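**Student:** Protein chains in written order, with the numbering used here: chain P, 1 to 526; chain X, 1 to 526.
Keep in mind that the hints were calculated from the coordinates and are not lab data. None of these values were measured; they are calculated from a predicted model. Some hints could be false.
Which copy is meant is left open, because identical chains are indistinguishable; a pair holds if it fits in one copy or across any two.
[What the hints assert, rightly or not] For lysine to any residue, the following SDA-like pairs were computed, each having C-alpha atoms within a straight-line distance of at most 20 Å: (1) K6 <-> R205; (2) K139 <-> D317; (3) K49 <-> Q227; (4) K6 <-> G457.
Residue strings, one per chain:
There are 2 protein chains.
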Amino acid sequence: MQLTGKSLIGFGLGAGGAGSFRAFNPTTSTDLDPPFVSAWAAEVDRAAKLAHAAFATLSRLPGNRRASLLRRIAAQLEANATAIVERAAAETALPLPRLQGELARTCFQLRLYGEAAETGLWLDARIDHGDPQRQPQPKPDVRSCFQPAGPVVVFGASNFPLAYSVAGGDTASALATGCPVIVKAHQAHPGTSEVVGRCIQQAVREEGLPEGTFSLIFGPGNEVGTQLVRHPLIKGVGFTGSRKGGRALMDAAAARPEPIPVYAEMGSVNPVVLLPGALASRAEEIAAGLHASFTLGVGQFCTNPGLVLTVAGASTDRFLAKLTELTAATPVGTMLTRGICKAYRHGVNKFTTTAGVKELAATPSPASQTQVGATLLACSGDTFLARRELMEEIFGPATLVVRCADVAQLQTIVAALEGQLTATLHGSEAELAAASDLIAALAAKAGRLVCNGFPTGVEVCHAMVHGGPYPATSNGAYTSVGTRALARWGRLACYQNFSEAGLPAELKDANPLGLWRLVDGKLGLH
Amino acid sequence: MQLTGKSLIGFGLGAGGAGSFRAFNPTTSTDLDPPFVSAWAAEVDRAAKLAHAAFATLSRLPGNRRASLLRRIAAQLEANATAIVERAAAETALPLPRLQGELARTCFQLRLYGEAAETGLWLDARIDHGDPQRQPQPKPDVRSCFQPAGPVVVFGASNFPLAYSVAGGDTASALATGCPVIVKAHQAHPGTSEVVGRCIQQAVREEGLPEGTFSLIFGPGNEVGTQLVRHPLIKGVGFTGSRKGGRALMDAAAARPEPIPVYAEMGSVNPVVLLPGALASRAEEIAAGLHASFTLGVGQFCTNPGLVLTVAGASTDRFLAKLTELTAATPVGTMLTRGICKAYRHGVNKFTTTAGVKELAATPSPASQTQVGATLLACSGDTFLARRELMEEIFGPATLVVRCADVAQLQTIVAALEGQLTATLHGSEAELAAASDLIAALAAKAGRLVCNGFPTGVEVCHAMVHGGPYPATSNGAYTSVGTRALARWGRLACYQNFSEAGLPAELKDANPLGLWRLVDGKLGLH
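Using the sequences plus the hints, can you model the full thing?
**Tutor:** Take a look at the structure:
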C-alpha cells in the first residue's frame with residue numbers, strides 16, 4: 001500500500017496544505033517518507049458534516065449490521081498485517097512480535113465489540129406495559145433503551161499505535177453503537193494511521209455504508225483536535241494520552257455552548273502495595289515480577305507500576321537488593337518519541353534531585369534522543385508524604401519504592417493518593433483475609449485492583465475496567481477497555497404509548513432482535 | 001413538629017448566623033415564621049466531612065440495608081404527612097390534593113428505589129473466570145461492578161417541594177446506591193424542607209447508620225451551593241431548576257481541580273407536533289388535552305408543553321379556535337414564588353412584543369405578585385425560524401402554536417430544535433405508520449417521545465426517562481426519574497485474581513446477594 005500522506009475525508013482524500021510533517025524513526029533517528037499534509041479547517045468541517053449525515057443511517061442499523069462492519073475491518077487489518085506492522089515498527093521502535101500481538105488484540109477487540117453490538121446488552125432495553133384501568137390515573141406504556149449519541153472524535157494514543165489508535169478500542173466501541181468516528185491521527189505514527197484508516201475506509205465501502213461513517217484527519221499540533229472537539233456536530237470524544245492533553249480537551253468540551261462528554265484516559269502511577277508477609281516469603285519473586293512489569297515495553301504503559309509501597313524491614317531490604325540488581329542489568333530501550341524520552345529524563349531528574357529520594361539503580365542512558373535505561377528510586381514514607389510531586393507519573397521504565405515506617409503510614413499514603421487506573425496488593429493468605437479495610441481504601445482510589453500480580457496487561461473481556469477516578473480518567477463511571485466501553489457513546493431514548501409500528505425494533509413486543517430486556521421489572525430474553 | 005429554622009448537620013442542628021430569611025406565602029403574600037438561619041462555611045465543611053466519614057460505612061452496606069433506610073424514610077414521611085402537606089401548601093400555593101398526591105409519589109419512589117437497591121441491576125456485576133492454562137499468556141480472573149461514588153449534593157426543586165426536593169428522587173436514588181446526601185434546601189420552601197429533613201434524620205438514627213448519611217443546609221443565595229459543589233469531598237451533584245442555575249453548577253464542577261459530574265435537569269419547551277390527520281379528526285379533543293396539560297399546576301412543570309407545531313389549514317384553525325376559547329376561560333392561578341411570577345410575565349411580554357407573534361388569548365392577570373392567567377400565542381413557521389429566542393422556555397401557563405407552511409417546514413423546525421425532555425407526536429394511524437423519519441428526528445432531540453398524549457405526568461417506573469440532550473439536561477445518558485436514576489451515583493470497580501475472601505459480596509462466586517450477573521458472557525442469576 002502506497003502512502004499518500006493525505007487525510008481521509010469520508011471516501012475522499014484531503015487536499016490540505018496548512019503545513020506538513022513527517023514521521024520519525026526512533027531507532028535510526030531519521031525522518032520517514034512521505035510528508036503528511038495537515039487538514040484545512042474546511043476539511044475538518046466537511047468530515048464532521050459527513051459524519052452527521054452518516055449518523056442518520058448508521059444509528060438505525062441493527063446490531064448485526066454494525067457487527068458485520070467491525071468484522072470486515074478486522075479482516076482488512078489481517079489482510080494488510082505486514083504493511084501495518086512494518087510501518088508501525090519503523091514509527092514506534094516497538095518490536096515486531098509486540099506489534100503482531102497488538103494487531104491480533106485489535107482484531108479480537110473489533111470482533112468482541114461486534115458481538116456486543118449484536119447481543120445489545122449496552123442498550124439496556126426496558127418495557128413497562130401500560131394499564132388503562134389504573135386508578136386514579138391510567139398507567140402509560142413506557143419503553144426505553146440507549147441509542148447512539150452522534151458522531152464522535154477519537155484521538156489516537158502514542159503507546160498503542162494499533163489497539164488504542166485508528167482502529168482501536170475507542171473507534172471499535174463507537175462504531176459498535178452506531179456512532180460515526182473521526183480519528184485525529186497521532187503525529188508519532190501517521191503512516192500506520194493511514195494504512196489502518198484505509199482498511200476501515202475500504203470496509204465501510206464494502207459494507208455499503210455512508211462515507212461519513214469514518215474519517216481520518218492529520219494535523220501536527222492541537223489546532224485540528226481543538227477544532228474537532230468544538231465542532232457543534234460532534235457529540236463525544238475519546239482520548240488516551242497525557243493528563244495535560246486530556247484536561248485541555250475536557251475543559252474545551254465543558255466550555256462549549258453544548259457541553260459534550262470527553263472520555264479521557266490519562267494514566268497514573270498504579271501503586272503496588274507489598275505487605276510484609278508477602279515480602280517475607282516471596283521477596284525475590286516479587287522483585288522479578290515487578291521489574292518485568294515496570295520495564296515492559298520500555299515502561300510505556302498506562303498501567304506501568306511507578307509507585308511501590310512497602311514497610312521498612314529485612315524482607316523489604318531483600319526485595320530492594322534484588323530489584324536493584326535487576327534494574328541495573330536492564331538493557332537500554334528505545335522510546336516511542338523524542339518528546340516522551342525527554343519527558344522521562346526530566347521526570348527522573350526531578351525525582352533524583354528531590355531531597356530524601358535515593359537513586360538505587362539506573363542503567364546508564366546513552367547519549368541518544370530516544371534511548372534510555374531503567375531507574376529505581378526509593379524514599380521514606382515521611383518524604384513521600386511531604387512531597388506531593390512524588391505522586392506524579394514518570395512515563396517510562398522508572399519506579400519509586402516507598403519504605404513506610406509501618407502499616408499505618410502505608411495506609412495514610414493510600415488515603416492521600418489521587419485516582420488511579422490500577423492498584424495492586426501483594427499479601428499472604430492471612431494478610432489478605434485481614435485486609436478488607438485496605439482493599440476498600442484501594443478500591444476507592446483505583447478502577448482495577450490486582451491481587452498478587454502486576455498491573456500491566458489489560459485483558460479485553462466483559463468485566464475489564466480500564467478506568468478509574470480522576471485524574472486517571474475523566475470519568476470513573478466508564479471504561480475504555482472491555483465490552484462496557486460501548487456505554488460511553490449512548491444516550492437514553494424513551495417511547496410512551498407508541499403502537500408496535502412506531503417503535504424501534506429494540507422495543508417492539510415481539511423482540512425481533514432477541515435482546516435481554518427488563519419487562520415489567522423482570523429481566524429476560526423477552 | 002416545631003420548626004427550628006436551623007440546618008441539620010448530621011444529627012445536630014446548625015448554629016449559623018451569616019444572615020437569615022423567611023419563607024413567603026404566595027397565596028396571602030405574607031412572610032412565614034420562623035426565620036431560617038444560613039449555614040456558616042464551617043458548617044458546610046462539617047457536613048461534607050461527616051458525609052465522607054459516613055461513606056465508609058454506607059458504601060459497604062448490602063442493598064437490603066439501604067432499602068430498609070429508604071422504607072423507613074417513607075414511613076416517617078407518612079407519619080408526618082399532615083405537617084408536611086400543610087406547610088408545603090402555605091409555602092408553595094399548591095393545592096392540598098396535589099401535595100397529598102406528590103407525597104404518595106415520593107414514598108412510592110423511595111420504596112421503588114429501595115427495591116432497585118436490593119435487586120442490584122444498577123451494579124452491572126460481571127465475572128470473567130480466569131484460565132491459567134491459556135496460551136500464550138494465562139487469562140486472569142476479572143470481576144467488576146458499580147459501587148457508590150461518594151457523598152453527593154442535591155439541590156431541591158421549587159416546583160416539586162416533595163418529589164424533587166429533600167426526600168425526592170435525587171436523594172432517594174443516591175441513598176439507594178450508598179452515597180451520603182447533603183441537601184441544599186430550596187429557599188422557597190424551607191419549612192417543608194426542615195420537616196422532611198427531620199424525618200430523614202430520624203430514619204437514619206433508627207437504622208443505626210452514621211449521622212453523616214444525611215445533612216440539610218439552609219442558605220438563601222448561591223454561596224452555600226457553590227461552596228458545596230466545590231468541596232473536594234463531594235463527588236456528584238443533582239439539580240433540578242433553571243438553565244442558568246444548572247449551567248453555573250456544571251461550569252463550577254467542571255472547573256474543579258477534580259471535576260465531578262453534575263446531573264442537572266434544566267427544563268425545556270417540550271414540543272408537541274400535531275400532524276394534519278390528527279387535527280382533522282380530533283381538533284377539539286387535542287385542544288382540550290393540550291389546554292389541560294399546559295395549564296396544569298399553573299404551568300409549572302418541566303414537561304409543560306410550551307411549543308406546538310402544526311401545519312396551517314382549516315383543522316388547525318378549528319384547533320386554535322377551541323384552544324383560544326379554553327385559554328380565555330382559564331382561571332387565574334397562584335404561582336410558586338414572586339420570582340417565577342415575574343419571570344413568567346417577562347417571558348410572555350418578550351414573546352408578545354416580538355414581530356410576527358400574536359396573542360390569541362390571555363386570561364387577565366390581576367395586579368398581584370404571584371397570580372397569573374394563561375396565555376396562548378401563535379406565529380408562522382417563518383417567524384419561528386427567524387427568531388431563535390422563540391425557542392426559549394416560558395415557565396408557566398403559556399404555549400406558542402406555530403403554524404407551519406407545510407410538513408417540510410415543520411420538519412425543518414424539528415431539526416433546528418435544542419435538546420428537550422420530551423417531544424409529543426399526534427397523528428392518525430396512517431400518519432404514524434409513515435412517520436419513521438419524523439419519529440427518528442424527534443427521538444434525536446428528546447429524552448422521551450409521547451404518542452397521541454401529553455407530556456405532563458412522569459410515571460415513576462423502570463423504563464422512564466426524565467432526561468434528554470443538553471440543554472434539557474446536562475447529560476442525555478442519564479435520567480432523574482425511574483430506577484435508572486441510581487446509575488448516576490456509581491463508579492466502576494474491578495478485582496483481578498482475588499480469592500473469594502477478598503471479594504465484595506457482589507462478586508463472590510456463591511452470589512450471596514442473589515444478583516443478576518454477566519458470568520463469562522452469560523447473563524443469569526448466577
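**Student:** Hint by hint, note whether the structure agrees.
**Tutor:** Evaluated hints:
Taking the closest pair of Cα atoms, K6 and R205 come within 20 Å of each other only inside a single copy of the chain (18 Å); across copies the shortest separation is 67 Å, beyond that limit. For the identical chains of this complex, K139 and D317 are neighbours neither inside a copy (70 Å) nor across copies (32 Å), given an alpha-carbon limit of 20 Å. Taking the shortest Cα distances, K49 and Q227 sit within 20 Å of each other inside one copy (13 Å), while across copies they are farther apart (41 Å). For the homomeric pair K6 and G457, neither the shortest alpha-carbon distance inside one copy (34 Å) nor that between copies (54 Å) is at most 20 Å.
Taken one by one, the earlier hints fail for this structure at numbers 2, 4, listed in ascending order.
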